[in-house]
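*Asks:* Read off the chains here:
2 protein chains.
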Amino acid sequence: MAVLVVGSLALDSIETPFGKVAEILGGSAVYFSIAASFFAEVNLVGVVGKDFPQEHIRLLQEKNIDLRGLRRVDGKTFRWVGKYGYNLNDAQTLDTRLNVFEDFNPHIPDEYRNAEYVFLANIDPEIQLRVLKQVHQPRVIACDTMNFWIENKLEALKETIKKTDILIINEAETRELAKEANLVKACRSILAMGPKTLIIKQGNYGALMFTRKAIFSAPAFPLEETIDPTGAGDTFAGGFLGYIANSHNLQEGGVRQAVIFGSVMASFAVEQFSINRLSTLTYSEIEERYKEFKKLTFFEDI
Amino acid sequence: MAVLVVGSLALDSIETPFGKVAEILGGSAVYFSIAASFFAEVNLVGVVGKDFPQEHIRLLQEKNIDLRGLRRVDGKTFRWVGKYGYNLNDAQTLDTRLNVFEDFNPHIPDEYRNAEYVFLANIDPEIQLRVLKQVHQPRVIACDTMNFWIENKLEALKETIKKTDILIINEAETRELAKEANLVKACRSILAMGPKTLIIKQGNYGALMFTRKAIFSAPAFPLEETIDPTGAGDTFAGGFLGYIANSHNLQEGGVRQAVIFGSVMASFAVEQFSINRLSTLTYSEIEERYKEFKKLTFFEDI
Chain A
2 MAVLVVGSLA LDSIETPFGK VAEILGGSAV YFSIAASFFA EVNLVGVVGK
52 DFPQEHIRLL QEKNIDLRGL RRVDGKTFRW VGKYGYNLND AQTLDTRLNV
102 FEDFNPHIPD EYRNAEYVFL ANIDPEIQLR VLKQVHQPRV IACDTMNFWI
152 ENKLEALKET IKKTDILIIN EAETRELAKE ANLVKACRSI LAMGPKTLII
202 KQGNYGALMF TRKAIFSAPA FPLEETIDPT GAGDTFAGGF LGYIANSHNL
252 QEGGVRQAVI FGSVMASFAV EQFSINRLST LTYSEIEERY KEFKKLTFFE
302 DI
Chain B
2 MAVLVVGSLA LDSIETPFGK VAEILGGSAV YFSIAASFFA EVNLVGVVGK
52 DFPQEHIRLL QEKNIDLRGL RRVDGKTFRW VGKYGYNLND AQTLDTRLNV
102 FEDFNPHIPD EYRNAEYVFL ANIDPEIQLR VLKQVHQPRV IACDTMNFWI
152 ENKLEALKET IKKTDILIIN EAETRELAKE ANLVKACRSI LAMGPKTLII
202 KQGNYGALMF TRKAIFSAPA FPLEETIDPT GAGDTFAGGF LGYIANSHNL
252 QEGGVRQAVI FGSVMASFAV EQFSINRLST LTYSEIEERY KEFKKLTFFE
302 DI
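Chains as they are written, first to last, in our numbering: chain A, 2 to 303; chain B, 2 to 303.
Extracted from the complex, chain A is given alone in its bound form (with noise of 0.2 angstroms):
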């Protein structure tokens, strides 16, 4: 089944203490949809000025991701830049240029509004719902956001964030939605606010995610070379939600696969600058990385 992604493409010019680039591919729905199409098909919905280079389609259509909900128009393409010091963990946003994505409506394609499995990429809580209204009976929603709209449209980011099923967010984003410092806590109250899971990224420290029922935590996979960080957690939803869509497992089991499959693919994201190692990777290889991390964390009873 089809996983339907709404979301940013982008050129970004990025700053590491490895090396420097610019005006490369990225963008939420760029690095969402690569991870996905290794598992699911993809329905891409989009927006990029006449600027985008035709390369770029060209590997986004070899992934066989769909493109009749991209739209190019009059414009440039919006631009990120950014910076990273040896703390990888945190970007700088050193400029960012929205260009056509300011005035980005998502149409959605009347082929896509039977999607079974929604990402709704960090954009403006108010287009999030947009899309929503567009989409009939989706099995599940899953969502990410930011704190700007934390803290700027608070009560369009909660109507959001009560039709998701999974909400995928890093820590300070946990701990600012919920206003409260304990992850166990915070976690509880943003359940109570809709969602039947929460993914909570904690970058090179792995990702936990809260049920109603459980709690699982899963690892980083320990890297001896991260070039660059951007994308890794879109690059994580896309692998967790195209594992799902094609399993159509949501038992907790299939769910802790996911996280797993999820953290594969942003290990692999982070070794290459946009998405140059994702673009050449192999389905072996991305099983054999997941057998690695049950390696890495497995352990004997008692």
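Read the hints as simulated data drawn from the structure, not as lab findings. Treat the hints with care, since some could be wrong.
[To be verified] Derived pair list, reagent style DSS-like, types lysine-lysine, alpha-carbon separation capped at 27 angstroms:
(1) A/K180 / A/K164
(2) A/K292 / B/K64
(3) A/K296 / B/K295
(4) A/K296 / B/K21
(5) B/K180 / A/K292
(6) A/K197 / B/K292
(7) B/K295 / A/K292
[Stated by the list, open to error] Quick list of the computed label-pair ranges, beta carbon to beta carbon:
(8) B/R59 / A/F299: 39 to 47 angstroms
(9) B/E288 / A/R213: 21 to 29 angstroms
(10) B/Q135 / A/D302: 50 to 58 angstroms
[To be verified] Output of the computed footprint for chain B on chain A, the stretches with three or more beta carbons under 8 angstroms from beta carbons of chain B:
(11) 224-235
(12) 295-301
Values in this document were obtained by computation on a predicted structure and should not be read as measured data. Yeah, the Cβ is synthetic: ideal placement off N, Cα and C, and Gly gets one too.
Fit chain B to the supplied structure of chain A, relying on the hints for placement.
*Replies:* Chain B only, in chain A's frame:
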């Protein structure tokens, strides 16, 4: 088989967002000993002043901790004053009074010298070396240190580390000791200094264990109440080495279980100030939480 620990006994004054306490029982040897006492006999070497409350001595005795190596000398007991913010991972030291600990020159009683398991808590590496000269052929030497010794006594510290089997330090210390930001690379360079095993304590993110062959990632237990993280690292080390001293199992699988027991003990320690939670703990609670760790991390193979 007994575990020998050489470290501090202290009276701590601590402020956290959850409370403020003055002159409570603390110190690396105290946390370590009480945690280890659930698994093995403990021989403690340390020093206190005349002002050290007799009730603390009684508590250690009740835990069957052998105190023949504890000296009580003229002067005041070591005092530490610290403060934590909502991010309970980083302590801010407000005051340190070494007092009688300043001239600590540990004498290992004859009865302790055949110890098979030795823990050198965080003290001057020159003193750690003096301890090692007094013990015969221990099977396992485990060791902790801190940034101060990395910056001020690096040569002596490297001597100690060379003789150490299991180095147990935190993430910042790992990077600083190896002069390397990437943890995997840092670990490889530290293992080249001598230790067979490196355990990196990551506070509320858990612990990573590196050997020449494998990496093991253990989560922290998600707690609804973290009251005071003081002593969590030493408690971890106590549970870890205590379990190994009891099992005698230095195989990969056994050491992984020890890491989980260490994490279990640390998860209890932080639930209350001082050793208050550890002092009422039962072994069946420890086993229960070990099983919770298993549930927390389990996912199916593919």
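*Asks:* None of the hints should be skipped; say for each whether it holds.
*Replies:* So, going through the hints one by one against the coordinates:
1. A/K180 / A/K164: holds (21 angstroms)
2. A/K292 / B/K64: violated (42 angstroms)
3. A/K296 / B/K295: holds (14 angstroms)
4. A/K296 / B/K21: It is violated: about 42 angstroms lies between the C-alpha atoms, which goes past 27 angstroms.
5. B/K180 / A/K292: violated (31 angstroms)
6. A/K197 / B/K292: It holds: about 24 angstroms lies between the C-alpha atoms, which stays within 27 angstroms.
7. B/K295 / A/K292: holds (18 angstroms)
8. B/R59 / A/F299: 39 to 47 angstroms: Taking Cβ atoms as reference, B/R59 and A/F299 lie about 42 angstroms apart, which means the hint holds.
9. B/E288 / A/R213: 21 to 29 angstroms: Between B/E288 and A/R213, where Cβ atoms are some 26 angstroms apart, the hint holds.
10. B/Q135 / A/D302: 50 to 58 angstroms: Roughly 39 angstroms apart at Cβ, these two residues miss the hinted range, so it is violated.
11. 224-235: holds (count 4)
12. 295-301: With 7 residues closer than 8 angstroms to chain B, the region 295-301 of chain A meets the three-residue bar; holds.
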